[in-house]
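Engineer: So the chains spell out like this:
Number of protein chains: 2
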Amino acid sequence: MFEDPRRQKQLQQLIQKLGLPANAPVNLSLLDLALIHPSACETRNYEQLEFVGDAVIRLVSAEILLETYPEETVGEFAAVRSIVVSDRVLAELADFYGIEPYLIIGSNAKGNRTGRQSWLADAFEAILGALYLSTHNMDLIRPWLDQALQKQSAKVRSDPARENYKDALQEWTQGKYKILPEYKVSENKKPSNRENRFVAEVWLRGLTEDSKLQAAGTGSAKKPINPRSDRFLGKGLGRSKKAAEQAAAKDAFFSVISEQ
Amino acid sequence: MFEDPRRQKQLQQLIQKLGLPANAPVNLSLLDLALIHPSACETRNYEQLEFVGDAVIRLVSAEILLETYPEETVGEFAAVRSIVVSDRVLAELADFYGIEPYLIIGSNAKGNRTGRQSWLADAFEAILGALYLSTHNMDLIRPWLDQALQKQSAKVRSDPARENYKDALQEWTQGKYKILPEYKVSENKKPSNRENRFVAEVWLRGLTEDSKLQAAGTGSAKKPINPRSDRFLGKGLGRSKKAAEQAAAKDAFFSVISEQ
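Chains as they are written, first to last, in this note's numbering: chain A, 15 to 274; chain B, 15 to 274.
Check the hints yourself; a few may be wrong.
Result set (DSSO-like, lysine-lysine): computed pairs, CA atoms no more than 30 angstroms apart in a straight line [claimed, not checked]:
id, chain 1, residue 1, chain 2, residue 2
1, A, Lys192, A, Lys169
2, A, Lys180, B, Lys192
3, A, Lys255, A, Lys198
4, A, Lys198, B, Lys192
5, B, Lys198, B, Lys264
6, B, Lys198, A, Lys192
7, A, Lys192, B, Lys180
It is worth saying that the hints were derived from the structure and are not from the lab.
Let's have the full structure, built from the sequences with the hints guiding it.
Structural biologist: Structure, rendered in structure tokens:
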């Protein structure tokens, strides 16, 4: 039995917004918890549910991709999923379902508009965690999320810019480190044919402890020092500078998607 | 209805080895598929099920950690899980349940003993994928896997060497890149007190395209070039060289666990 009748009414409204029936067996205490941002309460907030929900969205995406594209390779599954479960897409879904009004969040955190995508995505994952833990299966998730994920997957797959690995890589580095990848192109000293006249490398430059911590999701930890470092991401060859950059981006992209 | 009666008998034997009842609703075609290594068949093998199973083991681990240690932080959950779902531990579980005799694998791959841990872990994940997809919940998994995962989690948490982040980091770099981390220690030029007299950096040196591809799980792709590169992992301060190295390892470890 949920104790606060006003909050209970709000939560039931949210359940219906998601497309679930009013009598769906949702654990309201968990759903309530999924909507408490750490800025509102340090000890009772959505972090644990987000940890579960992150695994839930990865599993649901895997199931849906396998069901929808049974002939595809796992490389393609991994590439599509890395975009479908990105903060950008999850925050879009959170907006689509109108999650924000139900969130309990400190005014400082709410006012930080650059962080908005991140906390919306986190809360969306926490909601999925709460729904999963209500029944220990996907019965409260797949009826409404399948269609949205299928649509997103089809959009990713049909995107003509997707073969544009520079864009895909940029999406990943910005999402994870808030840094643009940098390309270094030079003439190949020993070209064996015209297809490898240029050689490109792609790097992440000036990674700070802050950006690494942000990527690790442990931004609140205190660090004594703040060095900068570079990280090599990939390398490629091409008949033009542009082609070499694309080849380097592709190399880097397939290397980094395993880190998602 | 499964067609090959001899294989059916083997699969039912395996189901009972896992501790499931003989009449458990396991989809035998999926379980069969989970035991076919890519070296045995390029088109019909366990790769897709492994992709699903990888998400399954992450979700089951998250559930079990939350149920067993409800007061713990998500940082601790992530750190424990990164070890519990590592190839080393999954291969140990595969050995414990005696999976290997049921695997269909090319003799070259089987003879490659250094790859054994990797394909045993992959097949174990694929089995979890097959069991999950048989019922679309954890009913065929948690009854037997809970105890094993709880035991592994307790072992990780009670390990006195766990606060030894150098060991933990080494486990990660060896598992992912088959490379040992390297430490570079120097005197801190501007120590503010005796606690930060030394400064240590930890690096992964000589990363090749091969090691990156292996880490990305796309080892079969052909690459035109094979450059080597270094990757900065972390930095730390300490009153002794050893303490600075431990601090650097801790910094690096918390940065890399998000890549699991």
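Engineer: So which of the earlier hints does this model not fit?
Structural biologist: none
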